[in-house]
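S.K.: In order, the protein sequences belong to chains A and B.
Note that the first sequence covers residues 7 to 83 in this note's numbering.
Note that the second sequence covers residues 123 to 661 in this note's numbering.
No lab work stands behind these hints, which were simulated from the structure alone.
One or more hints might be untrue.
Here are some chain A residues the structure puts well away from chain B; computed CB gaps all over 12 Å [claimed, not checked]: (1) 8; (2) 16; (3) 21; (4) 35; (5) 40.
A few chain B residues that face chain A, going by a derived Cβ cut-off under 8 Å, partial list only [said to hold, decoys possible]: (6) 194; (7) 202; (8) 209; (9) 339; (10) 343; (11) 526; (12) 528; (13) 642; (14) 646.
Some chain B residues flagged as far from chain A (calculated, every beta-carbon gap over 10 Å) [what the hints assert, rightly or not]: (15) 221; (16) 385; (17) 427.
By construction, the Cβ of each residue, glycine as well, lies at the ideal position given by its N, Cα and C atoms.
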Amino acid sequence: MKKTLLGLATLAVYLLHQDFWFWNTARPLVFGFVPIGLFYHAAYCVLASLLLWLLVKYAWPGELEREAERPHEKRRP
Amino acid sequence: MIPVLIVFVYLAVVVYIGVFAFRSARGKEEVEDYFLANRSLGPFVFLMSLFGTNMTAFAILGSSGHAFANGIVTFGLMASISALVIPLSLLLVGTRVWALGKRYGFITPVQLFRDRWETSHVGTVIFAVQAALLVPYIIIGVMGGGTTLSALSGGRVPYWLGGAVVALVVMSYVLFGGMRGTAWVNTFQTTLFLVFGGIAVVVIGWGMGGFSAAAEAMLASPQAYLLSRERFSPAYFFAYTLIPLSSIAFPHITIFCLTARRMSQFRRTVVLYPLCIAAIWLPCVLLGVMANRAGDVPAIQEKLQARQALASTAAAELAPEARAALRAKAAGDDVLVRMLEHYAPAWLAGLLGAGIMAAVMASDSQILALSTMFTEDVFAHYEGRARFGEAAQVHTGRAFVIGLTVLAYVIALRLPESIFTVAVQYAFTGFAGLSVLLLAALFWRGSTKWGALASTLWVAASVAGVAAVNAWVKAPPAGQAIVVWSLGGLELVTRTAAGLSILGTQPVVPAVLGSALLMLGVSALTARPSAETIRRYFR
């Protein structure tokens, strides 16, 4: 369930990148000079960071680290 | 000349850091130490260096140049989607690569592929395609060095010399410092750029009389389209979401994933990566767009006039050579440096120029990766290490790198395209297609070496096809398209000013889709690796 929700959240953030609603307009100019389309995508970076924080917190592949720390044969071909 | 002198002092500092790092590793010139810094990088160096590895001439000069010509769309095309896809791929793929490297001692992605698919020669083919696709990325480093030094010196340091200086500096600390030197230089450079990028925005904004006035004036002018995305189709924009898949498939990024001391070092990198992207790309794109109002900068004024001439109806009647000359004049790769030179005092322009140079020199990671790949995937794989020893292996890698860098330098001097176009149409398209290999190797039991071979050949053919058409069909004026191939009235392949377009989107779409379909189809028809190998990868 947790993984499904995180997967859906990731898909939603991916789709939010396609912001057709700010496509043809520059206004409002945020802070007086940043077009809204640019501001949206800057805010998108913050949203991406939040999503990744959630993924790291709730879907961290810790088993990989435990497995890697066990002794193994070196197989470099 | 003061800014250039400051940049040269900076270059000397960079070489010193690389050599100093080399000295700390002297006495144990072992393969894992030279190529992977003994898998011992700590959290801060890992984040700054990995980010610095992705912060190249493309991110600084290419982004501002593209924004100068195309507007704010540049940020959405490359930065914001990279802010999601790159850290996501580090989390899903990078951690697995790290774990496998730690478990089985892999140093390169090809070693992983060879082991995963029980193959030797298919790995060699993958190596050859990876090495060839890295050349365009080294080319943009040379182009960035030439552009920056030439612009900062007002042309007194010619483009060819600037490019040569950067190539020599980067080669020297990579070849003597290995991964340890490269990582420390990257950390130093990324910190420098993050500090000076913000200062550059303030200084240039101040010099222009404030960005608000510039933005309002732009909105009231025919350039208003630069502040929205009205000239780009949603399909074209969407196609770019495939481009950041290339990041994890770049050998220097895959190899870098192996340098972390512990897997937990990925945590902070993954979360902070999107914010670092915004911190770098936002000022570059904003300044690139605002450069359109910097008519008081003579070099930019000339660019705007050349662009106007290209857009006029008379441009269609010009000879291809005359159009190419106008296009070169209108190119915006140096607008950031031109603005710095004009609006900042000489000493500050020098420091900021050094910050830009820091990003331009991120080609160090690709050069080191090439050295690693050649020595491990070819020299050692074909028994060179057993016959000549580990020291000979490192020296051979250095010789290979010098050869490829010289090749990249020669091509860079002749290439008419912008940094952005070279990176997107060749390097990013190719490695996005090759990302299928990593995904299939790590997540699909059914993948086979023949599927991998088919995907790799498809990617190589795609990029070679793009290069061939771009070379043979000269670019039309901006806003126009030459139909290269149509079927039943449908324009399949067109040549635009920004390179090749396929069904109105980027070549990355067929490169990735074709690669994925071939991996699926060919793997389904061919024999899997042994059950033992599959068990080791899918516990």
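S.K.: When the structure is checked against the list of hints, which entries are broken? Sort them ascending.
M.R.: 2, 3, 4, 5, 9, 10, 11, 12, 13, 14, 15, 16
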